[in-house]
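J.: One-letter residues, chain by chain:
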Amino acid sequence: MEHNEKDLAEFERKLRLALQHREAPLGLKQRVLAQSRSRARERKLAQHGHRWVVQRIAASVVLAAIFGGLAAYRQVEERRKGEQAREQVLTALRITNRTLDRVNARLAENGR
Amino acid sequence: MREPLQWRESSRQTGQWQPDFEALVDEHQSMVFSLAWRMTGDRGLAEELAQDVLLELDRSLGKMKSADHVRFWLRQVTMHRSADALRRRRANAASLGTDLWEELEERHVLVEPFEMDEDSPLGRRIEELLAGLPESQRAALVLRYQEDMTPEEIAVTTKAPVATVKSHLQRGLKLLRIRAGQTLKEYVRGA
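As you go down the protein sequences, you meet chains A and B in turn.
Just so we're aligned: 58 in our numbering is position 44 of the first sequence, and the numbers increase by one with no gaps anywhere.
Just so we're aligned: 123 in our numbering is position 138 of the second sequence, and the numbers increase by one with no gaps anywhere.
Be careful, since some hints might not be right.
[What the hints assert, rightly or not] Cβ-Cβ distance ranges computed for the label pairs, FRET-style:
no., chain 1, residue 1, chain 2, residue 2, range
1, B, P119, A, R45, 31 to 37 Å
2, B, T135, A, R70, 53 to 59 Å
3, B, R72, A, R51, 28 to 34 Å
4, A, L59, B, H65, 29 to 35 Å
5, A, Y87, B, E7, 57 to 63 Å
6, B, R72, A, Q69, 44 to 50 Å
7, B, E7, A, A73, 36 to 42 Å
[Said to hold, decoys possible] A few chain A residues that face chain B, going by a derived Cβ cut-off under 7 Å, partial list only:
no., residue
8, F25
9, L29
10, H35
11, K43
12, S50
Calculated directly from the structure, the hints in this document are not laboratory data.
Yeah, the Cβ is synthetic: ideal placement off N, Cα and C, and Gly gets one too.
Pulled out of the complex, with its shape left as it was, chain A reads as follows (with noise of 0.2 Å):
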């Protein structure tokens, strides 16, 4: 019983001396690395190139928004002249009115 135990106990050790750790073959730690770096400058360029796209989304909707913006302010800016320009219409309408008014009634009072 202890003879096969040492047997069992020798035939291990031998066991774990046979399945010793084997090198890695030469140049696979180099590909592996190789391969990673490229895969990161891949991933790098595809960032980048997601970035752009999101910084030309950006600065065209900030143009779109400054001319927008221009556009209703020119919009805004005429009918607020217009505007003036018809409040003063009707005030010189309505001086002319009156100056017409005196000058009937000075009339009237001169026929009679």
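The hints should help you fit chain B onto chain A, whose structure is shown.
T.: Below, chain B without anything else, positioned relative to chain A:
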């Protein structure tokens, strides 16, 4: 198992483990390659698998929490990938009508034996004999005797119950001893 110095230092300084991929490849490439080779019995395939597993580690580096986590992850992924590769090869062999084990035996005869003990015929043949064992027994034995893992750790890695792992270890060891004994007798007769 101890963590390499640079990891312990960086962990201590920042309070968080910061992996260095190159150092990890240096540390684990032979373990990954040996596992893949002993599981598949094919050096070329093992090299491909090792490369894939290490690149997968590069992609998953952000999820790694410690050096032990990396070691566990690498063993698990290598075992799964090797099992997948064997399954694929078996399916191909079945469709071509060839016997996988004959093919593996041929490959192992071509494999240069590991130089552990020049005078020991048993040591030289153990790896070849291991290749002839059923996959689950071979996996248990490789993890136990190559990686020095406990049956409980093997159970977690292979996602199998501990009792099953213990049974695989026992049966595998018994079978290997019988076959090794036969080899020794042949050697003695030959001498």
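J.: Regarding the hint that K43 (chain A) lies at the interface with chain B, is the smallest CB-CB distance below 7 Å?
T.: holds, 5 Å
J.: Any CB of chain B closer than 7 Å to the CB of H35 (chain A)?
T.: Holds, because the Cβ-Cβ distance from H35 (chain A) to chain B comes to roughly 4 Å (cut-off 7 Å).
J.: Was the hint right that F25 (chain A) lines chain B, CB cutoff 7 Å?
T.: Where the cut-off is 7 Å and the nearest Cβ of chain B is about 6 Å from F25 (chain A), the hint holds.
J.: With chain B as the partner, please determine if S50 (chain A) meets the hint condition of a C-beta pair closer than 7 Å.
T.: Nearest chain B Cβ about 5 Å off; hint holds.
J.: Confirm or reject the claim that R72 (chain B) and Q69 (chain A) have a C-beta distance inside 44 to 50 Å.
T.: holds, 48 Å
J.: Please check whether E7 (chain B) and A73 (chain A) have a Cβ separation lying inside 36 to 42 Å.
T.: The hinted range 36 to 42 Å holds for E7 (chain B) and A73 (chain A), with Cβ atoms some 39 Å apart.
J.: State, for the Cβ atoms of P119 (chain B) and R45 (chain A), whether the hinted interval 31 to 37 Å holds or is violated.
T.: 33 Å Cβ-Cβ, so the 31 to 37 Å window holds.
J.: Would the stated hint for L29 (chain A) survive a check requiring a Cβ distance to chain B of less than 7 Å?
T.: holds, 5 Å
J.: Is it true that L59 (chain A) and H65 (chain B) lie within 29 to 35 Å of each other by Cβ?
T.: Holds, since L59 (chain A) and H65 (chain B) (Cβ atoms, about 31 Å apart) stay within the stated range.
J.: Is 28 to 34 Å a correct range for the gap between the Cβ atoms of R72 (chain B) and R51 (chain A)?
T.: holds, 32 Å
J.: Does the Cβ-Cβ separation between T135 (chain B) and R70 (chain A) fall within 53 to 59 Å?
T.: Since T135 (chain B) and R70 (chain A) have Cβ atoms about 58 Å apart, the given range 53 to 59 Å holds.
J.: Given the hint of 57 to 63 Å, is the C-beta distance from Y87 (chain A) to E7 (chain B) inside that range or not?
T.: Distance hint for Y87 (chain A), E7 (chain B) holds at roughly 59 Å.
Of the hints listed earlier, there is not a single one the structure fails to meet.
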